[in-house]
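Asker: When you get a sec, could you build the whole thing from the sequences and use the hints?
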Amino acid sequence: MNRILKHWAATALIAVSNVAMAAGGDGQSSGQTPASGNIAKLQYLHKGEARIADPAPGWDYLWKEVLIDITVIGILFALMTAFFIWRYRRVPGGPQVGSAPKLSPAAAIGWAVIPAFVFLADDLFLAANGWVLWNKFRDVPADRLEIHLESGMYSWDYTYPNGVQTQNELVVPAGKAILLRMTSRDTLHSHFIPDFRVKEDSMPGRTTFLWFLPREAGKEHVVTCAEYCGVMHSYMAGRIIVKTPEEFKQWYEAGAAAAKRSS
Amino acid sequence: MNLKEWIFTTDHKRVGVLYLIGSMAAFIVAGIMAMLMRVELSTLGPTITSNPSSYNVWLYAHGAVMILGFQIPALTGFFANYCIPLMIGAKDVAFPRVNALSVWLFYVGIILALLTFFIPDPPDVMWTGYPPYSTITAGNTALYSFTVLILGFASIIGGVNFLTTIAYMRAPGLTWNKLNIFVWCTLGAFVLQLIFVPVLGTAVTLISMDKYLGTTFFDPARGGDVLTYQNLFWFYSHPAVYVIFLPFFGVLFEIVATFAKNRVFNYNAVVYGGIGGIILLSGVVWVHHLYVSGMIDWIRIGQMVTTLMISVPVGLMLIGLVGTLYKGSITFETPMLYALGVLFLFLIGGLTGIPLALPSLTLHLSETYYVVGHFHYVMAVAGTFSIFAGVYYWFPKITGRMYNEFWGKLGFWVTFVGTNIVFWTMMDIGVKGMPRRYYDYSHFSQFEGAHQLMTIGAAILGVGFAIALVNWIVGAMKGAPAGDNPWQSMSLEWTTVSPPPHGNWPSPPSVSAEWTPYAYDRR
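Protein sequence lines correspond, in order, to chains A and B.
Numbers 45 to 307, taken from this note's numbering, label the letters of the first sequence in order.
Numbers 4 to 526, taken from this note's numbering, label the letters of the second sequence in order.
Hint data in this document are derived by calculation from the structure and do not stem from the laboratory.
Just so you know, not all the hints are guaranteed correct.
Unchecked claim - Cut-off 25 Å, straight-line C-alpha distance, at most; resulting in silico cross-link-like pairs (BS3-like, lysine-lysine):
| hint | chain 1 | residue 1 | chain 2 | residue 2 |
| --- | --- | --- | --- | --- |
| 1 | B | Lys-435 | A | Lys-263 |
| 2 | B | Lys-181 | A | Lys-146 |
| 3 | B | Lys-214 | A | Lys-146 |
| 4 | A | Lys-293 | A | Lys-220 |
| 5 | A | Lys-304 | A | Lys-287 |
Answerer: In structure tokens:
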């Protein structure tokens, strides 16, 4: 009895220290700005990527990590269940009733507390990693292009700092963080860019934001509405056109000139 | 069979059967909506309707009717009504006439929900009814509000009734720690309903007031706030997931214990840790539905932790269920097949929920088919499989007859295969970016093949459910007599005749000190 209790105490202690390490260790780094070196240590950054910490590869990394986590748990549980089903099936001549022993109070508490600690340890480990990535998604680099988005049934209307306006087409320079400050003129919409693993709702009366880092010039990315907004919801789409910084500058200045002429 | 006797009945078993018939009718209607959507999505662009509004109404009806008209009434209406008094050795519920009122209100709610298909401008606000859209749409938001209010009211008076019944009408000797797990689960579900349904009632009342009476609760131009509704709505609707989850897990415990002829593994951990933990946590996790809706950051982080912590009570319940198989003497009749099927479906559904607890991963995953696949696995399909398992399990008790075992098993396997084809594919394309609630996915044309596969899977799924429904109808009319206790269960409901008479037992049962509903080794 004493021996068993000692064993449990040791297991619980290990679980607790794991929790503390997972929460404390990652919690510390999350307190820093995501652009700092600590995050790079977590390998969310592509090698050679300069100052800006792009959250999109971090998403893929965390997703893989969580997927491994839940797959392992799932397979363990499924195998155990399948084994029990097979091992304890009723066979001719075998027992007609089950013979599971009644748990002693200590065993009952152990079977509640130890799994609880194991689950909590995993929860906090995932929470810490999720938190780090969340901070990256919410800390916008200072060097950025800030664009205002007004969404409406059923279009995306972008306004650039120099007054250039586009609809359903967001032209951006490669390698620069793009910040969208979003609002809506009618109902809820959600600016979803699957390629950049990011979305955020826009609505009347509040300003929300998201940011992303376009990398490759010449690429186009789908923008789609992810919050049900009415009859034509599924047709509310646009695209992001990534240009080289030079091409973008040209386009941007030509647009400004055109805007000036027309006004 | 006298129709008037059924309509004016106060017998809890008949009230239960009325709930079952109504909720199964709702299930069929909402299932047809799902099939219409799947057919519509089988090709790019318009397929069977060129009007996106029709699709949106099917989508609204599918969600609202499945949750409010099928799962909650089947679990907290049918199972609770039929089984609770029998399981606790009571003659009836505490307030039989209030019980009759609740089933009448339920039918009014179902009829209101079905009016969707007959009125001009039916509601198209999804089952969530988010403003501002629900206050500016041409669709009839009032019908949505009234449906929710009526069904919610039916649920509240049902809750008062069952909590009283469980507290005061247990048989002599039946102490709290001898209650069936299902009784505990139902108790938990009704506690949640009593706390949270009024919040939902408030929310849907406010959107109708905004739309029809000119109030401005959700209109920022005149001092309101859009997000308030989402908070109110999910403050109810996340606990509503546990209102579905708890009773269906209760049903699974009854079935697994009976067919493994075994005691429930770690009863106290399941009841106090599992059910108690869920009740405690259920009210502080709703923000995970609002991770991308523009909430302040600190609350998203806080509720990430509480959401992940839900895995502890749920894990304890799952360990209890799997542990009940340990050293059992397991047989595999149809109810057990469905119940074991749920174990695997729920495992997939529960674990795929963990990424959705992280706000950072949700930035990509929310509002995609991944979410749809996940909640179908964890709640919709697992819940429906459990309902089917439970109906098969108590079928001999309700009708006194036996269903056909061959068709029962065949129905299970067909449904199980169809389910996984549909919802696994759904999660897969969701991760790749397919957004939900799309009538036309023309800018995601790469998913056309997957959509066709899901349509085929849905057809298989539909056939499987149809086999079960036909099996019940045929079995109820001309199945072989089943006897009083065909599964040799220890639970009290099997100690009376099948079907039980009005009043349940000729003389009220009492239980001995060593009896529990799962003490098979003491028989």
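Asker: If a hint holds in the structure, say so; if it doesn't, say that too.
Answerer: Hint-by-hint comparison with the structure:
1. As the CA atoms of Lys-435 of chain B and Lys-263 of chain A are separated by approximately 18 Å, the hinted pair is consistent with the 25 Å bound.
2. Straight-line distance between C-alpha atoms of Lys-181 of chain B and Lys-146 of chain A comes to about 14 Å, which keeps the hinted pair within the 25 Å bound.
3. Using a Cα cut-off of 25 Å, the hinted pair Lys-214 of chain B and Lys-146 of chain A is violated, with the two alpha carbons roughly 59 Å apart.
4. Between the alpha carbons of Lys-293 of chain A and Lys-220 of chain A the distance comes to roughly 12 Å, so the proposed pair stays at or under 25 Å and holds.
5. Taking the CA atoms of Lys-304 of chain A and Lys-287 of chain A, the gap is near 23 Å; set against the 25 Å cutoff, the hint holds.
When each numbered hint is compared with the structure, a violation occurs for hint 3 only.
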